[in-house]
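Top line first, the protein sequences correspond to chains V and F. Numbering-wise, the first sequence is residues 1 to 479 according to the numbering used here. Numbering-wise, the second sequence is residues 1 to 82 according to the numbering used here.
The hints are simulated quantities; they were obtained by calculation from the structure and are not laboratory data. Even glycine gets a Cβ: it sits at the ideal position worked out from N, Cα and C. Treat the hints with care, as some may be off.
Unchecked claim - Going by beta-carbon spacing under 8 Å, a handful of chain F positions derived as facing chain V:
| id | residue |
| --- | --- |
| 1 | D19 |
| 2 | T22 |
| 3 | G36 |
| 4 | V43 |
| 5 | V47 |
| 6 | T51 |
Here's the letter readout for the chains.
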Amino acid sequence: MLATRTFSLADQRLFARASGDFNPMHMDPLAARRTPAGAPVVHGMHVFLWALESLLQACRPPTRLAAMKATFKSFVYLDRPVELELVTRDERHMKARVHADGMPVVNLTLQLGGMTESAHEVAQAAPELRLPSTPEDHDFESTAGLSGWLALGDAPAELARALPNAIASIGSQRVAALARLSAIVGMVCPGLHSIFSEFSLKLMHDEPARRAIGFRTLHADERFRLVTMAIGGAGFAGEARCFVRRAPVAPPEANAFASLVLHDEFAKTVALIVGGSRGLGAVTANLIAAGGGKVVITYANGREDALGLQRDIEAEHGAGTCRAIALDVQREVAPQLRGATLPEIDQLYYFATPHIYRPHAALVDPSLFEEFVRYYVFGFCETVRAIGAHSAGRPLAILYPSSVFVERAPKHLTEYAMAKSAGEQLCKALALAEPRLHVVCERLPAMRTDQTAGVLPVEDAQPAPIMLRLIRSMRKPTP
Amino acid sequence: MNEAQVYAALTEVFHDVFDDETIALAPTMTAADIEGWDSTAHVALIVAAETRFGVRFRTSEFETLRNVGDFVRLIATKVAKG
Numbered sequence: 001m002l003a004t005r006t007f008s009l010a011d012q013r014l015f016a017r018a019s020g021d022f023n024p025m026h027m028d029p030l031a032a033r034r035t036p037a038g039a040p041v042v043h044g045m046h047v048f049l050w051a052l053e054s055l056l057q058a059c060r061p062p063t064r065l066a067a068m069k070a071t072f073k074s075f076v077y078l079d080r081p082v083e084l085e086l087v088t089r090d091e092r093h094m095k096a097r098v099h100a101d102g103m104p105v106v107n108l109t110l111q112l113g114g115m116t117e118s119a120h121e122v123a124q125a126a127p128e129l130r131l132p133s134t135p136e137d138h139d140f141e142s143t144a145g146l147s148g149w150l151a152l153g154d155a156p157a158e159l160a161r162a163l164p165n166a167i168a169s170i171g172s173q174r175v176a177a178l179a180r181l182s183a184i185v186g187m188v189c190p191g192l193h194s195i196f197s198e199f200s201l202k203l204m205h206d207e208p209a210r211r212a213i214g215f216r217t218l219h220a221d222e223r224f225r226l227v228t229m230a231i232g233g234a235g236f237a238g239e240a241r242c243f244v245r246r247a248p249v250a251p252p253e254a255n256a257f258a259s260l261v262l263h264d265e266f267a268k269t270v271a272l273i274v275g276g277s278r279g280l281g282a283v284t285a286n287l288i289a290a291g292g293g294k295v296v297i298t299y300a301n302g303r304e305d306a307l308g309l310q311r312d313i314e315a316e317h318g319a320g321t322c323r324a325i326a327l328d329v330q331r332e333v334a335p336q337l338r339g340a341t342l343p344e345i346d347q348l349y350y351f352a353t354p355h356i357y358r359p360h361a362a363l364v365d366p367s368l369f370e371e372f373v374r375y376y377v378f379g380f381c382e383t384v385r386a387i388g389a390h391s392a393g394r395p396l397a398i399l400y401p402s403s404v405f406v407e408r409a410p411k412h413l414t415e416y417a418m419a420k421s422a423g424e425q426l427c428k429a430l431a432l433a434e435p436r437l438h439v440v441c442e443r444l445p446a447m448r449t450d451q452t453a454g455v456l457p458v459e460d461a462q463p464a465p466i467m468l469r470l471i472r473s474m475r476k477p478t479p
Numbered sequence: 001m002n003e004a005q006v007y008a009a010l011t012e013v014f015h016d017v018f019d020d021e022t023i024a025l026a027p028t029m030t031a032a033d034i035e036g037w038d039s040t041a042h043v044a045l046i047v048a049a050e051t052r053f054g055v056r057f058r059t060s061e062f063e064t065l066r067n068v069g070d071f072v073r074l075i076a077t078k079v080a081k082g
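Build out the structure end to end from the sequences listed, making use of the hints.
Okay, structure coming up:
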């Protein structure tokens with residue numbers, strides 16, 4: 001390996017200041033968890049600039065670049081090491097890859113030699129844009145007509161100090177332009193819901209008088225939600241491509257569930273919904289409340305989501321119908337629940353989960369498996385015991401949502417399937433050990449949630465009918 | 001353009017998309033046979049093939065492709081239709 005690096009939150013903030021790319025996917029853990037990444041990810045261009053610097057530093061004598069191309073293949077997460085590998089080098093090219101968890105995350109090709117007389121396709125008359133303080137939220141369709149110029153920023157001294165070889169090779173203006181390209185994608189076009197896919201840029205001879213980088217949308221391909229832009233200015237000409245991911249799944253509105261349930265069919269239900277602030281948990285809370293029941297929803301990180309859901313349900317169904325409490329199943333559960341002074345619970349729904357889809361090279365990643373087991377086995381077991389102790393011998397119905405992936409684990413979901421399978425075994429053991437427990441364990445299909453809302457259309461089931469059937473199956477606890 | 005010519009041109013597309021000039025296409029090859037052929041690479045492959053051959057695929061057409069051989073036949077048919 002040519003170089004290794006771990007990007008920290010401090011690095012992230014530095015690059016955001018330098019580039020102007022403050023897209024919440026990079027900066028805000030709560031917003032990022034509603035994206036396919038599930039957690040804040042490093043700016044692709046930041047990884048590229050580090051790799052460029054490392055390649056130029058390692059491959060002396062100093063190299064003149066004619067063109068550069070990068071493909072961002074997968075997300076790079078904070079605080080996880082990445083490795084730079086030089087794949088090939090000859091007199092015309094350098095090819096390199098950045099790996100994370102053994103998987104290629106960025107492919108780079110540097111074309112060596114003199115610059116060419118390239119022309120770019122961004123009209124000089126395109127509007128001068130001000131860098132927005134928050135990302136533009138364009139509809140996919142509206143990206144088709146976008147163009148403009150963004151003035152280059154002054155890179156913070158720390159970033160300039162970190163890139164001496166890149167600056168020596170291509171000049172500080174082009175380095176600033178590459179950083180600004182991140183802001184074009186993340187803040188302007190497509191903006192909020194962007195995922196940078198690739199860029200290919202030729203270096204141009206002329207240093208333009210205009211200290212800005214421009215863009216113009218060439219195609220907006222609705223089949224893939226893929227935007228192709230011409231990039232020009234600041235000594236570059238070329239193209240950039242980015243996906244426009246679908247907006248996060250909107251939280252269900254409380255008044256949308258009344259027509260699905262019978263009046264007061266859950267009137268005697270008091271449910272604890274672990275992981276109830278969003279996704280399937282929020283759907284379950286809404287259904288029970290719409291049927292006249294009361295719900296306590298828990299959150300580990302999404303306090304605002306949970307309080308928002310509490311407000312919505314109480315506004316629709318009355319004060320006291322929903323209460324949000326903090327619960328982190330990775331910590332000891334019983335003391336947290338004791339501190340929450342719960343009402344008498346007769347149903348437990350367990351949706352606690354970390355981010356699920358995390359590509360990796362290993363057939364089985366032990367640390368990932370352990371993390372899933374903490375959630376789906378030990379966290380579940382502790383929660384059942386804590387609620388069991390709290391309910392003092394009364395019947396308790398429990399829903400454990402397993403997954404169809406137990407039967408057919410897709411690539412990179414082996415650990416998830418293994419942990420869910422272990423959870424199923426625990427359900428059987430719980431039902432045998434305590435006759436008062438009515439344990440419902442079902443392998444659920446993939447349903448449209450933040451965890452599955454990606455770029456491409458996927459087949460997914462509607463959550464409400466499935467969850468309603470399961471809630472109804474919970475009403476006959478074993479005496 | 002016959003299928004052999006499509007194979008030759010499509011091989012160049014694969015080399016470019018996967019950044020790997022050792023790839024040799026065969027009719028029965030699938031995504032499982034080429035490192036890095038994930039959903040993102042699949043999109044890049046479709047878009048690059050459209051540019052190279054001057055055709056456009058409908059979503060229903062590329063969703064039913066089983067292997068490289070299917071892809072080549074689809075391209076040859078599209079090119080023949082102009």
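With chain V as the partner, please determine if G36(F) meets the hint condition of a C-beta pair closer than 8 Å. holds (6 Å)
Can you verify the interface hint for D19(F): is its Cβ closer than 8 Å to any Cβ in chain V? holds (5 Å)
Against chain V, is T22(F) within 8 Å by beta-carbon distance? violated (11 Å)
Is the interface hint for T51(F) satisfied, with its Cβ closer than 8 Å to some Cβ of chain V? Where the cut-off is 8 Å and the nearest Cβ of chain V is about 10 Å from T51(F), the hint is violated.
Interface hint check: V47(F), Cβ to nearest Cβ on chain V, cutoff 8 Å. Holds or violated? Cβ of V47(F) sits 7 Å from chain V, so the hint holds.
Under the criterion of a CB-CB separation shorter than 8 Å, is V43(F) in contact with chain V as hinted? Holds. Min distance 5 Å.
Comparing the model with each numbered hint stated earlier shows that hints 2, 6 do not hold.
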